[in-house]
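S.K.: Chain residues, written in single-letter form:
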Amino acid sequence: MTIDIRGLGKVFPKGKKTITAIDGFDLQIGEGEFVCLLGPSGCGKTTVLRLVAGLEAKSAGSIKVQGREVVSSSPERGMVFQEFALFPWRTVRKNIEFGLELRGILEDRRKAVSSRLIDLVGLEGFEDAHPKELSGGMKQRVGIARALANEPAVLLMDEPFGALDAQTRNLMQKELLRIWSATKKTILFVTHSVDEAVFLADRIVVMTARPGKVREIIPVGLPRPRDRTSKEFIAVRGKVLAELDEEFEKARAKELSPD
Amino acid sequence: MVDIAKELRRYLQDNGRNILLGLLSVSVFLIGWHLYSYYLSSTDSAIKWYVPAPGVVAEAFMDWFDAPDPGTDVWVSVHVIASLKKIFLGFVLALSVAVPAGILMGSSRMSNALGRPLVEIFRPIPPLAWIPIFLVVFVGWGGIAIVFLGIFFPILLNVQLGVRSVDPVLVDAARTLGANRRQIFLKVVLPFSVPYLMTGIKVGLGIGWMCIVAAEMLGSSTGVGSLIRISADLSLFPTMYAAMVLIGILSVLTTGVASLIERRLSKWMGMR
Amino acid sequence: MDKKILLAIVVAAIVVGAVVAVAVLYQPESRTGTVYYDTSITVPNMKAALATGQIDGFISWEPFVSEAVMDDTGEVLMWSSEMMPNHPCCVVVASTNFIGTEDGPDLTKRFLKAHMEATEWMLSAEEDHSSTNYTLLVTLAQEFTLKNSSVVSSAMSHLKYKYEMDSSFTSALEEFTQMYIDLNITTNETIEGMGYASVTDFVDSYVNESLLAEAADVQPSDTILGTVRLGYLVGDIHELAQFVANDPRALDGEKSMFEKYGLDVVIADGAPFSSGGAEMDSFVAGNVDIGYLGAPPAIVKHLNGGAKTTIVAQANIEGSGLVVAKDSGISSIDDLVNKTISVPNTSSIQFLLLKIALEERGYDFAVKTS
Numbered sequence: 000m001t002i003d004i005r006g007l008g009k010v011f012p013k014g015k016k017t018i019t020a021i022d023g024f025d026l027q028i029g030e031g032e033f034v035c036l037l038g039p040s041g042c043g044k045t046t047v048l049r050l051v052a053g054l055e056a057k058s059a060g061s062i063k064v065q066g067r068e069v070v071s072s073s074p075e076r077g078m079v080f081q082e083f084a085l086f087p088w089r090t091v092r093k094n095i096e097f098g099l100e101l102r103g104i105l106e107d108r109r110k111a112v113s114s115r116l117i118d119l120v121g122l123e124g125f126e127d128a129h130p131k132e133l134s135g136g137m138k139q140r141v142g143i144a145r146a147l148a149n150e151p152a153v154l155l156m157d158e159p160f161g162a163l164d165a166q167t168r169n170l171m172q173k174e175l176l177r178i179w180s181a182t183k184k185t186i187l188f189v190t191h192s193v194d195e196a197v198f199l200a201d202r203i204v205v206m207t208a209r210p211g212k213v214r215e216i217i218p219v220g221l222p223r224p225r226d227r228t229s230k231e232f233i234a235v236r237g238k239v240l241a242e243l244d245e246e247f248e249k250a251r252a253k254e255l256s257p258d
Numbered sequence: 000m001v002d003i004a005k006e007l008r009r010y011l012q013d014n015g016r017n018i019l020l021g022l023l024s025v026s027v028f029l030i031g032w033h034l035y036s037y038y039l040s041s042t043d044s045a046i047k048w049y050v051p052a053p054g055v056v057a058e059a060f061m062d063w064f065d066a067p068d069p070g071t072d073v074w075v076s077v078h079v080i081a082s083l084k085k086i087f088l089g090f091v092l093a094l095s096v097a098v099p100a101g102i103l104m105g106s107s108r109m110s111n112a113l114g115r116p117l118v119e120i121f122r123p124i125p126p127l128a129w130i131p132i133f134l135v136v137f138v139g140w141g142g143i144a145i146v147f148l149g150i151f152f153p154i155l156l157n158v159q160l161g162v163r164s165v166d167p168v169l170v171d172a173a174r175t176l177g178a179n180r181r182q183i184f185l186k187v188v189l190p191f192s193v194p195y196l197m198t199g200i201k202v203g204l205g206i207g208w209m210c211i212v213a214a215e216m217l218g219s220s221t222g223v224g225s226l227i228r229i230s231a232d233l234s235l236f237p238t239m240y241a242a243m244v245l246i247g248i249l250s251v252l253t254t255g256v257a258s259l260i261e262r263r264l265s266k267w268m269g270m271r
Numbered sequence: 000m001d002k003k004i005l006l007a008i009v010v011a012a013i014v015v016g017a018v019v020a021v022a023v024l025y026q027p028e029s030r031t032g033t034v035y036y037d038t039s040i041t042v043p044n045m046k047a048a049l050a051t052g053q054i055d056g057f058i059s060w061e062p063f064v065s066e067a068v069m070d071d072t073g074e075v076l077m078w079s080s081e082m083m084p085n086h087p088c089c090v091v092v093a094s095t096n097f098i099g100t101e102d103g104p105d106l107t108k109r110f111l112k113a114h115m116e117a118t119e120w121m122l123s124a125e126e127d128h129s130s131t132n133y134t135l136l137v138t139l140a141q142e143f144t145l146k147n148s149s150v151v152s153s154a155m156s157h158l159k160y161k162y163e164m165d166s167s168f169t170s171a172l173e174e175f176t177q178m179y180i181d182l183n184i185t186t187n188e189t190i191e192g193m194g195y196a197s198v199t200d201f202v203d204s205y206v207n208e209s210l211l212a213e214a215a216d217v218q219p220s221d222t223i224l225g226t227v228r229l230g231y232l233v234g235d236i237h238e239l240a241q242f243v244a245n246d247p248r249a250l251d252g253e254k255s256m257f258e259k260y261g262l263d264v265v266i267a268d269g270a271p272f273s274s275g276g277a278e279m280d281s282f283v284a285g286n287v288d289i290g291y292l293g294a295p296p297a298i299v300k301h302l303n304g305g306a307k308t309t310i311v312a313q314a315n316i317e318g319s320g321l322v323v324a325k326d327s328g329i330s331s332i333d334d335l336v337n338k339t340i341s342v343p344n345t346s347s348i349q350f351l352l353l354k355i356a357l358e359e360r361g362y363d364f365a366v367k368t369s
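Chains as they are written, first to last, in numbering that gives the first Met the number 0: chain A, 0 to 258; chain B, 0 to 271; chain C, 0 to 369.
In case anyone wonders, no lab produced these hints; they're calculated from the structure. Be aware that one or more of the hints could be misleading.
[What the hints assert, rightly or not] Output of the computed footprint for chain B on chain C, the stretches with three or more beta carbons under 8 Å from beta carbons of chain B:
hint: 1; stretch: 32-43
hint: 2; stretch: 48-57
hint: 3; stretch: 175-184
hint: 4; stretch: 304-315
hint: 5; stretch: 343-354
hint: 6; stretch: 360-367
Quick reminder that beta carbons are idealized off the backbone N, C-alpha and C, glycines included.
Kindly produce the complete structure, drawing on both the sequences and the hints.
M.R.: Here is the structure:
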């Protein structure tokens, strides 16, 4: 198991009280799998991702990546952010090389790695551009390349296409699949778009409303490239939506009633 | 050369109208001043010497190129260099203290708790208020000390703000790329704060000029500020006005240079 | 990119370090035979500056000279009387606008009468140091200058109160004016622009001897006939006459000399002034009717700044001194080369006197520039 999460729990203090964001979350992900995490707003899916990344400390349970317990952040768990999080003062190439610089890798090797990745994500010609000069889709390509530069065991993606317009989003989904098949990474992908999840994932994990845990895991089982208009696609979508809608109602009810 | 000419023409084309408007308002001001001084000189008013015509002031200014300044018997360049020296020294000193202090106060809660009350007490006091004391206590370095005080706070506060304003997402990204705390500081926080530092420098320089002129007016024999005091003492008013013009020019030049550096730096860092 | 940044920082640090070093260490080449002056220190602060070594000497008016000597901060290298014997110092100046009013001439003459009486009182008190009048004189001087009795006694022994304006006075004024022309501080064009044909013509017109002559016949008055707004320099013992004339103790214990001659003398706005230049500015602003100040600012601010004033009497001659630090090794004017002397202002008589003394020996007197 590349990612092994058992009994994961997380509480946040809120004034004098605490909020239990996640309680009893279990999930196992195998090598090379593409898993999407889906759920109503506030269900804690981003929190799960951040816990796996090591950006936050868990309150209960265990997270193991490649057999080792997650304690803090590390480049072997690369992350791609919805807001891109590129360093504005660095060029595309320098952004990608960031992790390599940290490890003291010399310039020649760094350049070889970043050049390869620039080709992979399709940004030839933009090596020396600054993030300001790039479109949203291009920025995210940089984000992906930057995370991949460190040869991570897993790629954690937090609604990476949420800030893009519909057409760019579709394009980037296809690009991501291409990159994924070229690199064979294990990907944990958080989204709130059912359509996106069905298009991309091997398995879709539907979370419950807060406190979040796994409600249902739905394997997609469709060959890629997937046709959004096909009967099978629509069927899977329907199944996922049904699970999701119930949780949405629960989440709404919780919001309306005092905690 | 051709490129520069082309750029110049482009610049004039783009800003031509604004330049003309600016010239217009300055001309109106000069004409008004001339008329007022002319009117005064035709009366028996006691203050007519105190408002010399723009032309007379320009003449006194040009005289500085031909002969030493009348009040001090040295060339004006000596005064300009004296003032620039003081500003530069005060600036370097302020930078070397304010930047580390700003970084410290921006990154450590404890440092902020320690430093903030002192800052809040001393910052509102105009640096000029310290002039009588500094001139005596920091013998010979009084003017530089005032400049230091004037430049110190803008730089300190801007650097602190920069350090505190670092986008947390960038810090997250750096962590997931394997950065330890020192690396986050050097490779994320510091570069992020540079534009804030440049703002502090620009503001500080403007204040620094005011400080040095005031300090020189009160307690120095050389420097452009002392030109004002000495010329006034001898009732050489055209020279006094010319000194004010000189100060204005020097101030614009130095802050202009700072602005230029700021723009180049931002472009190089891809943030403008 | 890291290496480039590091390189840039190192280069910048070297440049900055070099400039700072140059700025701090570089002294402009001193011309042999030049003494330097500094106008940035006010007279009351000169003693402290001498003590801390900021300056090598200072020249100022009494009582600050005696004060520095008496507390062992310094010793007098040269009195102003040695630089120019009987040199004029402080004068009484009246606003021509004031004289032009209906009561102006009369009030001015009454003022001058009181000034003369006070001056003569001080002179006779000085003759006998054991007299009660002398004790009172010292007391008044103490109250005016806020210095102790030995300081003020010493100070007064180095000056002479005098109100007459004789030919040595006018020729000295001519010499001062000519010096200012040589220094390019004023010009012949300016003098002619003010309506004078020459320097001699200027001094002739600027000094009003008639009012002083007519003042001798002024009679006391039981009633107050008018108000005079008085200006003077802070703690300047040269100008003690106005303080004496304003105090009943110098007369009969009930009236002051000013009141005896029917004057209500009030302190002008801004008085006491820190310099003659500041006092002249107040004249121009219309705040002062009659004032005491040094002759040079009275000259310069009239010629360059059009101050509507006229000199109506002298107040004193001599009474300034050049003080150097004790054990400084400076024992003659020649030892002053390359040293820095603090002077009150370029417009002050102390500056002119020292310049005269130095130029007589072939030395330049230049502003300290480092």
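S.K.: Next, verify each hint and record whether it holds.
M.R.: Structure-based check of all given hints:
1. Requiring three or more residues with a Cβ within less than 8 Å of a Cβ of chain B, the coverage given for the stretch 32-43 of chain C holds, as 5 such residues are present.
2. Under a criterion of three residues with beta carbons nearer than 8 Å to beta carbons of chain B, the stated coverage of the stretch 48-57 of chain C is upheld, 3 such residues being counted.
3. For the stretch 175-184 of chain C, the stated coverage by chain B holds: 3 residues have a C-beta nearer than 8 Å to a C-beta of that chain, and at least 3 were required.
4. For the stretch 304-315 of chain C, the stated coverage by chain B holds: 4 residues have a C-beta nearer than 8 Å to a C-beta of that chain, and at least 3 were required.
5. Three residues within the 8 Å Cβ limit are the bar, and the stretch 343-354 of chain C against chain B gives 3, so the coverage statement holds.
6. Counting residues of the stretch 360-367 of chain C whose C-beta sits closer than 8 Å to any C-beta of chain B gives 3, which meets the bar of three, so the coverage hint holds.
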